[in-house]
Amino acid sequence: MVDQSITSLAKKLRAKDISSVELTQDYLARIKHLDGQLNSYITVSDEIALAQAEAADKLIASGSTSALAGIPIAHKDLFCTDGILTTCASKMLHNFIPPYESTVTGRMQASGAVTLGKTNMDEFAMGSSNENSHYGAVKNPWNIDKVPGGSSGGSAAAVAAGLCVAATGTDTGGSIRQPASFCGITGLKPTYGRVSRFGMIAYASSLDQAGPMARSAEDCAFILQSIAGFDTNDSTCSEIATEDYTANLDAPLNGLSIGLPKEYFGDGLNNDVAKAIQDAVKEFEKLGATVKEISLPNLNLSIPSYYVIAPSEASSNLSRFDGVRYGYRCEDPKDLMDMYKRSRGEGFGKEVQKRIMVGTYALSEGYYDAYYLKAQRIRRLIKEDFVKAFEQVDVIMGPVAPTTAFGIGAKTDDPIAMYLEDIYTLSVNLAGVPAMSIPAGFADGMPVGLQIMGNYFSEAKLLNVAHKFQQATDWHTKNPSLAEGA
Amino acid sequence: MNWEVVIGLEIHAQLSTNSKLFSGAATSFGAEPNTNTTLVDLGMPGALPVFNKEALRMAVMFGHAVNAEIGMTSIFARKNYFYPDLPKGYQTSQMDDPIVGKGHLDITLDDGTMKRVGITRAHLEEDAGKSLHEDFHGMTGIDLNRSSTPLLEIVSEPDIRSAKEAVAYVKMIHSIVTYLGICDGNMAEGNMRCDVNISLRPNGQEAYGTRTEIKNVNSFRFIERAIYTEIERQADILEDGGKITQETRLYDPDKDETRSMRSKEEANDYRYFPCPDLLPIELTQEYVDQIAANLPELPKQKADRFMSEYKLSEYDAGVLSATRAMADYFEETANVAGNAKLAANWVMGELSKYLNSESKDISESPVSAGHLGGLLVRIEDNTINGKTAKSVLQAMWDGEGSADDIIEAKGLKQVTDTGAIEAVIQSVIDANPAQVEQFRASDEDKQKKMIGFFMGQVMKASQGKANPGMVTPILNKLLKG
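Note that the protein sequences, when read in sequence, are chains A and B. Residues in the first sequence are numbered consecutively from 1, following the numbering used here. Residues in the second sequence are numbered consecutively from 1, following the numbering used here.
Derived from the structure by calculation, the hints contain no laboratory data. A hint or two may mislead.
[As the list claims (entries may be wrong)] Ranges of calculated distance between the beta carbons of each label pair, as one might list FRET restraints:
1) A:P333 x B:G241: 38 to 46 angstroms
2) B:T140 x A:P99: 47 to 55 angstroms
3) B:E286 x A:T7: 47 to 55 angstroms
Note that CB positions come from ideal geometry on N, CA and C, so glycine has one too.
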């Protein structure tokens, strides 16, 4: 059951081989059985899931054609879900039950998807290893001594271990792609503005983007179809029409031109990872694509630029968590200042506090020009690099991360090494273009993800490229033994 | 030493949109706490602002009214600070690229001269909520109804030189925003709030002195008082050789003094940066021009029209165009009455006396413009005389109905029947034989003086209902025998 696609499950649901209630019960049982080892869920919403499954069975019986109807999925715990605890993996929101539904989760619900629960993550989406969670680290299903990546680590681990058919994630600097790469699943970060941010608890508003995490490009396409498109509740959401994301999945890749940025294959890239990527590229050549070397010259500036812009926005976005209206409030505050200081000091974890302080500093009088404005100028350069590159090639390929999943605790004392993890993913967010991570092999027993980057609003093309690769290879069908044994 | 006073004003005008600046919640005043709120106004996690285009239109209208440059690209910025009634931990405002740029407006000073005051800028921003300290037993209640209400902050150049000029400027801004219909202008409800920046410098010196800012002064009178007391305070310090501390002060109207709120050192670093949740506002020339073309009549234009159309004096036109409510009231009265000069006299005279005695604004007048006009019609057609009309107005003020209802109910209709008037006059002549004898023995000049006595007696005898125009010739005829 674990490696069944949305298409095959949808077929079985319609053929009444299985009901959504039975499918949901199976997944709930798997979560109960396996998640003690993985810690991929913060909240499992059994009752709601079964009620939704029952409704989905009726929907299917009444002739619904929605591919997601009755499919059990999970949501990253930063999407507000009406009546379901939404914590952002933070003590600050340990008791927060939203009174409303985010656009992403609401649209998936409208498509008939069943919500199994809310997945673990790095606190407020700040991290690359899912070790920064108030609810404890998530383990990688391929090796529970290793991290699943972050910040959507819970979603990635749950999909890889078969604890949901698919999941939502969010990607601010690589938070869908890097955990997808580490856990051997398929993840898509759409173009900025393709998916509404309404009801997504903000980390860095100009970079945050929600997207699907699933077992294949085809499954990602079904979810994107449900969640993408204009939303009057989000002013930054694009009015550009969505495409039919499944219609052209099988289009041939003859003549596809692939750019390989030389900066993605330099120092720091693990040899085995490089090998897997080169092999994947050869596979594309077999499918009719042509390859050329290109340059994204400002790649090395993406880390400093990102680590000014994202914390700056975060320092402001996280100001609303002040203990006044909801969430954590310290015990017995002496006065207002004491309440602020202790509620925030006790409610936020170390990494979150660090980024708030960095951002506050960068926006301060006298430093704003040197940090924030300069970072914005670099951001424009990075964007121009992509615009120029897409004048020459259709898609850009490279690694998602310099290494495969590292050991839990291996980088927690070395923030710079941790931040370097994001070198290949950050620039995509700064430019706002879409990108995917797809399974492309293994290095030392751990999955390697291939990153495919596309031009603005080229999600259909990216999904087509990824799907053709998955038709020709079987990397995406591999399962961790932990999942197989269950 | 002689000091020159330098004043600049920041006025926050609440825009009269139906919904808030960044949410669909209502902006109505006086609702139960926290009921006029949405996820956005409550600062819920994941909530996002959606800009109210009506506020934009209003800001552009104001820009045109003060001859200002319109920001074709303007940007919302976040002003970050912590306060319990600021739910997001930042106020969404505008910093580098405001919607309204440099402009100016002319004010009329007491001696009749005009003075031009520069407008530095006007920008859109959201209001915060309210902290309530009473009734919560040492705790604080938060009411977020006002959170995200749209404000236009209008910043003047430091061109103002006295308390009187400041008040004239604020009144002109008040007049403009109410004429445009973009602000209710109710200062008691906080629709318009004023921050006053004041410094002194020795006469003839070019460099500005150190300024203080008096926050949130909420009436024309308090603005004047606050400025006087602050000028005095600063002058005392400077004359004693002291230095002014740059700080924010509060005006206490009960004690008529200003006191320190926070100094510059304690001031927040607001860490302004462009709000990433809102796109820059891009305007087209067509949009801006269309608003300019549809701008309603402004106070100055209205006064000019009153002078040419209704032949009012410059003074009367100025008084009657001072607020849109006053101008609208006058025009309706004049139209109903059919006599603009009479309408002007009654609005500025009798009606204003009643309003002043109860400190009511014309918009709160219990006598509608239609009713006052109806009263004036009855003066015009000789149904009642002016004196009776005053007593009818009293009855109208007391809510006894229209002029016609009151005239009918009280039998105040003027007597215009010649026979009836003659009978009354005859009775007066019969009752005062000595005075009649004296009148008949006097020369013409003396008679003219004595006629008033008989006139008074006739009016008294007719209970004021005799038409004075008809009484005079009959009285003269009968007296002369």
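Hint says 38 to 46 angstroms; check whether the CB-CB distance for P333 (chain A) and G241 (chain B) agrees. holds (45 angstroms)
Using the C-beta atoms of E286 (chain B) and T7 (chain A), is the stated range 47 to 55 angstroms upheld? Check passed, 50 angstroms falls within 47 to 55 angstroms.
Indicate whether the distance between the beta carbons of T140 (chain B) and P99 (chain A) respects the range 47 to 55 angstroms. violated (23 angstroms)
Figure legend: structure checked against the earlier numbered hints; the only hint not met is number 2.
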